[in-house]
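Dock the two chains into a complex; use the hints.
So the sequences go chain by chain: A and B.
Take the first sequence: its position 144, counted from the start at 1, is 143 in numbering that gives the first Met the number 0, and no numbers get skipped.
Take the second sequence: its position 153, counted from the start at 1, is 152 in numbering that gives the first Met the number 0, and no numbers get skipped.
Honestly, I wouldn't trust all of these hints.
What the hints assert, rightly or not - With a straight-line cut-off of 30 Å between C-alpha atoms, the simulated BS3-like cross-links for lysine-lysine are:
no.: 1; chain 1: B; residue 1: K234; chain 2: A; residue 2: K71
no.: 2; chain 1: A; residue 1: K486; chain 2: A; residue 2: K317
no.: 3; chain 1: A; residue 1: K279; chain 2: A; residue 2: K480
no.: 4; chain 1: A; residue 1: K152; chain 2: B; residue 2: K236
Quick caveat, the hints were computed from the structure, so don't treat them as lab data.
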Amino acid sequence: MFEEDQPRPLLEVRGLTKGFAGVQALKGVDLQVLPGEVHCVMGQNGAGKSTLIKTLSGVHQPDSGEIRWEGKPITLPRPTAALDLGIATMYQELDVVDGLSVAENIFLGHERATGGVLHVKKANAIARTLLKRLGHGGLSPSTEVGTLSAANKQIVSMARALSRDTRLIIMDEPSAILDSGEVSNLFRVVRELTAQGIAVVYISHRLEEIRQIGDRISVIKDGRSTANGLNVTDTPKSELIRLMTGRDVENVFPERKPVPVDAPVVLEVDNLELFGHFDKVSFTVRAGEILGFAGLVGSKRSEILETIYGARKASSGKVSVQGKVLRPGSVTSAVNAGIGLSPEERKSQGLILDEPIFKNVTLSTFERFARGGYLNESAERGAAREQITALELRPADPDRPARTLSGGNQQKILLARWLVHGTPVLLLDEPTRGVDVGARAEIYALIRKLAAAGTAIIVVSSEIEEVLGLADNVLVIDDGKVLTQTKASDIDEHGVLDLVMKGSAA
Amino acid sequence: MSEQNTKVAEPVIEAPAGHTTSKANPLQNLLKGPAGRSLGLVIALALLFVVGAVTSGDRFLNFENMLTIFRYASIIGVISIGVTFVITAGGIDLSVGSVLGLTTVIASLTSVQMAATQSSWILMVLVALAVGVVAGLINGVVIAYGNVVAFIATLAMLVGARGLAELISGRSTQIVTNRDFLRVMRAEVLGVPLLIWIFVIVAIAGWFLLNRTTFGRRTIAIGGNLEAARLAGIKVKRHLVYLYVLAGLAAGIAGVMMLGRTTAGTSTHGLLYELDAIAAVVVGGTLLIGGRGTIMGTVLGVLIFSTLTNVFTQNNLDTSVQALAKGLIIVVAVLLQQRFAARGPRKREKPGLRKAA
Ligand SMILES: Nc1ncnc2c1ncn2[C@@H]1O[C@H](COP(=O)(O)OP(=O)(O)OP(=O)(O)O)[C@@H](O)[C@H]1O
Ligand SMILES: [Mg+2]
Numbered sequence: 000m001f002e003e004d005q006p007r008p009l010l011e012v013r014g015l016t017k018g019f020a021g022v023q024a025l026k027g028v029d030l031q032v033l034p035g036e037v038h039c040v041m042g043q044n045g046a047g048k049s050t051l052i053k054t055l056s057g058v059h060q061p062d063s064g065e066i067r068w069e070g071k072p073i074t075l076p077r078p079t080a081a082l083d084l085g086i087a088t089m090y091q092e093l094d095v096v097d098g099l100s101v102a103e104n105i106f107l108g109h110e111r112a113t114g115g116v117l118h119v120k121k122a123n124a125i126a127r128t129l130l131k132r133l134g135h136g137g138l139s140p141s142t143e144v145g146t147l148s149a150a151n152k153q154i155v156s157m158a159r160a161l162s163r164d165t166r167l168i169i170m171d172e173p174s175a176i177l178d179s180g181e182v183s184n185l186f187r188v189v190r191e192l193t194a195q196g197i198a199v200v201y202i203s204h205r206l207e208e209i210r211q212i213g214d215r216i217s218v219i220k221d222g223r224s225t226a227n228g229l230n231v232t233d234t235p236k237s238e239l240i241r242l243m244t245g246r247d248v249e250n251v252f253p254e255r256k257p258v259p260v261d262a263p264v265v266l267e268v269d270n271l272e273l274f275g276h277f278d279k280v281s282f283t284v285r286a287g288e289i290l291g292f293a294g295l296v297g298s299k300r301s302e303i304l305e306t307i308y309g310a311r312k313a314s315s316g317k318v319s320v321q322g323k324v325l326r327p328g329s330v331t332s333a334v335n336a337g338i339g340l341s342p343e344e345r346k347s348q349g350l351i352l353d354e355p356i357f358k359n360v361t362l363s364t365f366e367r368f369a370r371g372g373y374l375n376e377s378a379e380r381g382a383a384r385e386q387i388t389a390l391e392l393r394p395a396d397p398d399r400p401a402r403t404l405s406g407g408n409q410q411k412i413l414l415a416r417w418l419v420h421g422t423p424v425l426l427l428d429e430p431t432r433g434v435d436v437g438a439r440a441e442i443y444a445l446i447r448k449l450a451a452a453g454t455a456i457i458v459v460s461s462e463i464e465e466v467l468g469l470a471d472n473v474l475v476i477d478d479g480k481v482l483t484q485t486k487a488s489d490i491d492e493h494g495v496l497d498l499v500m501k502g503s504a505a
Numbered sequence: 000m001s002e003q004n005t006k007v008a009e010p011v012i013e014a015p016a017g018h019t020t021s022k023a024n025p026l027q028n029l030l031k032g033p034a035g036r037s038l039g040l041v042i043a044l045a046l047l048f049v050v051g052a053v054t055s056g057d058r059f060l061n062f063e064n065m066l067t068i069f070r071y072a073s074i075i076g077v078i079s080i081g082v083t084f085v086i087t088a089g090g091i092d093l094s095v096g097s098v099l100g101l102t103t104v105i106a107s108l109t110s111v112q113m114a115a116t117q118s119s120w121i122l123m124v125l126v127a128l129a130v131g132v133v134a135g136l137i138n139g140v141v142i143a144y145g146n147v148v149a150f151i152a153t154l155a156m157l158v159g160a161r162g163l164a165e166l167i168s169g170r171s172t173q174i175v176t177n178r179d180f181l182r183v184m185r186a187e188v189l190g191v192p193l194l195i196w197i198f199v200i201v202a203i204a205g206w207f208l209l210n211r212t213t214f215g216r217r218t219i220a221i222g223g224n225l226e227a228a229r230l231a232g233i234k235v236k237r238h239l240v241y242l243y244v245l246a247g248l249a250a251g252i253a254g255v256m257m258l259g260r261t262t263a264g265t266s267t268h269g270l271l272y273e274l275d276a277i278a279a280v281v282v283g284g285t286l287l288i289g290g291r292g293t294i295m296g297t298v299l300g301v302l303i304f305s306t307l308t309n310v311f312t313q314n315n316l317d318t319s320v321q322a323l324a325k326g327l328i329i330v331v332a333v334l335l336q337q338r339f340a341a342r343g344p345r346k347r348e349k350p351g352l353r354k355a356a
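The following block holds chain B by itself, in its conformation from the complex (with noise of 0.2 Å):
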């Protein structure tokens, strides 16, 4: 009887698996992909550049103001990228603003400047990345095995960092004296400052690590579906540890990218820069849920956050307007993000949820 059953069942079988293909089409499709995503932002980017050539035209228009733009994303990028992968996986980080604060400070010691100079200006590096990685571990550890929610377990290190950071320093500004260590981070390469180096090289590592390694697979699975991420065998809790310590290590390479930028190390260093970084993965498109994210996309979203500020700077705009700009656009980007998400076939409709609203 099963042979029968088999026959007839063939053509039956195909079928469904037929209807998954989505019938939109090809350019609703394209939108709706990742390359379709960075696509919105792509445009949004070059209104944006339109808006700087027309009011400021060569002003803006030319080679030294576009580093600047760049100059300007690189920090926040940096952060930004480590603050996709935490979001990608459901989590959320409060505290890289703070934590850069915290290595900047630590990194400019004297006993720690002293030091570099009697052997190299890597040692001040190496502790600025030491600091944000203990930062993200402790963050990790609190969330992952002390099942603190992320929101609070990185707010109490928010707070924790900043005061720590004011206690070190004093509240003073320490300067940066160690000659080879500011050297290195004046230098260009190829006309280009090492600080966008650093973050395309950051970026490009972000992107290879979310998308094409085992790491990243298993980051937004957790994001996805964290339950399904156990059964599959997953360890989850050490894997969020890796994911904050990520996020701590990038704002370890912010810190130091800060010092080179600044000269000076103080507490005060990355004030809100968590907001910006939230903002700029939010607009890029990963799920502030998680179980998607996108490395581009947080290129693009910060790229498009600099861009406002030197546009806006150089029409000598208040920064108060800007501020209200931003706000506008983030609302704006993930009310078209889903849009596009509801739209087509992939989500269905869920009438449970929709009754009980």
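Chain A on its own, in the form it takes in the complex (with noise of 0.2 Å):
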């Protein structure tokens, strides 16, 4: 839509390189964007996307390369550099002061005051008209942010991103803790910013959101753009997933075989309740079956699988794995039991960031690889390499640092931790979360073939579609309740939102 005018970029970088000891992120990388447009960059993980928005906003310091704004020719030694220039970045890991309330966190560092004295009040009544326009007039402006759902902390990265004079906002996968619902709302601001010809930078691994809210789209592949400035209406959808992967992914959902009537019920929930949670939910896993949890996000899923894992206490309600009672609020007796969760938020949840690889991988199972209290780390290591191969991890090195991937690699970390623990029960929340396209599919490969394998399976996710291409059994969960529990393949996406409405209509 620009072609015919060809309105000067905005933003242009040209030749960018940027290498951390060990690992060469970029290695060339080109990008024009243009005012009032959505301009997507899509890559795996750990082709280099958020290394170079955090050379954008002063994060990091690019190797070599040129970056103009307007035309001219700019260095970014600091994020304030970026930001008085009217660049403002929702970073892939949330970025917010838990102990600050919202006003506070959106006026962080530009605070609202004359002489170093704030004006709370002012302030919180520009947060109000920000979140007002963001679609939540509900989020108070003082409420501590500590206490918001992820989501919701987005909502007020937001808000800050927009608080300043803002000319171009770049967003590391924001759409990743988002239901399709908040999804919508995001697109529906982002709309409102480009018509007002704010730019956006885009980063998401779900192609139909592209597709939806993308103008053009940049495509970079281990540290190198592979393609640039992409019309999004005349590029296919196979054609971008080659430019990305360098191969071609069919079939992204494995083949579903139908659980054998005479499986035995591994995990079986009775009346699981907690108070100011859920309500009573009972269901049953045989072996070898998937059980998806379809709802928004803030239905409680997560709390219901943590319930189940005993990190939280139940108030009502017993959960068996193959007979055995499990002993309620006690992880514990869960994991001994057999049960294993990989956890919603990786970075507070899952990780021990500045450890190696290989040793995240085996926390829950480094007592295998010790003889006599001496751990055995060769094998270790070669357990995580093993699951490495098997999720594409990358880089492929195991005694890299966590904190040093790519967030779709940590996710996969998380993932191999269970995998090699090899648990009759596994509860798995958002396991694709920030996951790219190829990735995705092995990973739904593996799921599939640990149930083939006998494992009796929990996936939680945003993602209907996800949830319905991989269980065999859905839950539809709103707010707490569950409100059918159906044949995944009795049920579509339309379906599954259908219930949500009616459900918290009622």
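This is how it looks when you write it as structure tokens:
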């Protein structure tokens, strides 16, 4: 749509390179962002997308290459330099301060103040307007951010970006933690912004989203640009996948084989209840069955998983594994009975960031690699390496600290941990959050394979399509209530959404 | 298609926002707020008063004795307020006690006192403050720009400043002879000694700085999430330097007060004050890992300890028993705080971490 008159690009990047100790993250990236467009940046996990945007927001310094802003060459030695130009960034890892309020977070670093003295009321008022504009007028500016859900923290992050005189907003996988309703709200906001001439750089692994919101696409593969400014409308999905991965990926979801009728029940959840979170929930999962929880973010699916796992203490009801009743509120009891949980928030809940990949992978199984207390690290590395290959983890080096991995690859470490563990019951909370298309297909295949080997699996995902494609049976959950239990093949995405809408209307 | 989606989404969007208001009962909410945390301390302080009144009667419950408690609290109180800022930002300052000692020694040097006699007593005050600021500046620069862990950097300052004070004073006690200085420091306003007024003013200023200014806001942000603070454009390193300078300045003010109270400067002034200060700050409810700080809590923490000392002294109890009681109070206070923090929806369980344990 911009081709005819070719407006001057707002931001232009040429031949950008950036190396970290041992990794060349960017090897030559070009990018041209026009005013008022949504420019999607795509690439596999570890391709260098986050590194690129961090050089554009003044967090990292490029080794070579050129950045131009409205035609003028610029350098961005620190975050404020980018912010002052009007480049605001929503980072992949939520960058809010839990101990501060919503309004305090929004104005962090550019507080409303005279001579250093804060205007609390004024800041709250402006924050309220911003939140309303974002479709979240219900969020109080004085709420402590630590009490908010991940999705709401993201709204705070976006309000912060808008609180400045912003001309370019960079969003690094904003939709990864949002459900479909939240995503359409995000898109509404994005359209509003672009209508005002603000440019948006949008990163996501969900191809359908790119199609809905994007104007043009640039693709990075292994730190190098493989495509620049393609028009979304005339670039087929298959072409994009080829540009990103260098190969064709078909049939994302593996074939579903029926669960044998005589398969024993492994996990039985009986009238489980957690006051203030969810009402009586009952279901069973048989060996080799994948049960999916479909619902929106905030529907308390994660809470149900955490209660089964004993990380939260059930108010009533019981959980049993292979006939053995678990002690409520005891993780040890759950783990000993053979339950594994891959949690939703990788950074805060799952990873020891400064430890190498292999130690993170064997965190719940390292006793197996010990003889009389002495740890056999090379055996640990071997086990980790197997998973690294299976999950296409990059870089494929078991000794690299988890912190230096890209977001999607961190997610894979968590998954690998439970794959090594080989528990009879596996609870997977958002197993593909932030994972690229290629690796997604691999992860689905792996989950299927585990099920085929007799594991009872529960999958929670905000992508309804993923739940329906992967699971044998589905629970549709809304606000802590089970609305329906059905075969995955008997319901489609619209069916789920209809149920949820009706459920919350009632 | 977008319009349709947006309409469908509307009711859903409000839902998660609604969830954020906690459903705990009002009392619990109150207790979790800053007022509630202070309330617990007020109750503790009241209990101590009851004990004091019961065991010592009028000897405890009179205006003079109240002034004694506050006078006792004032010097450590000023130091604690400086330390509150550092701890709120996720740092630590072990050097405040020995920096206090150093400021008293330098401000009471014969040469300084002579110069003060020729000009004004204010000179002694300025020298003490300057010494505190310089010590804090060194701490801050070493920590922020030298990337030395705060614990180590200020531990070095603790040892170094004490050593320097001993060298300069030759381990002797330097009497303050400047009459003007002593007269001012002994002054009373509205029947209340100046030392107490200084404490009150520093506390109010500290409260304002932490809660009502960009400086305070940024301090909390750095302690709560250093990376987020950096990404928001806060100049984290520079801010850290300011914080340690502030702690040094507080030590300097405390040094002046010490000179006034004891009429002498010596290298042993302020011994172990850093530990008393940290104890008061933590008991007050400031998180040792940073991200949350309360000046009110610190003031109450200091008062609790000074009242405790007073009650024990009135009853002629051994100082060892007193130390034991102090230790107990610290542990109990922190345990209680953790219970309040763990309850309710604000802290989510961390299954991954619990698993690892
Ligand atoms: N601080 C760092 N130190 C060392 N290596 C790093 C660092 N940050 C990123 N890398 C490496 O740079 C490469 C690119 O990472 P980046 O985070 O940019 O990927 P990404 O495209 O954002 O991936 P994802 O889709 O998973 O978020 C990866 O190989 C990663 O391990
Ligand atoms: Mg990334």
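Hints, one by one, checked against the model:
Annotation: proposed proximity of B:K234 to A:K71 holds, straight-line Cα distance about 26 Å (limit 30 Å). For the hint linking A:K486 to A:K317, the alpha-carbon distance of about 24 Å falls within 30 Å, and the restraint holds. With a CA separation close to 8 Å, the supplied pair A:K279 and A:K480 stays within the 30 Å bound. A C-alpha spacing of about 26 Å is found between A:K152 and B:K236, which places the hinted pair at or below 30 Å, so the restraint holds.
In the structure shown, no violation is registered for any of the earlier numbered hints.
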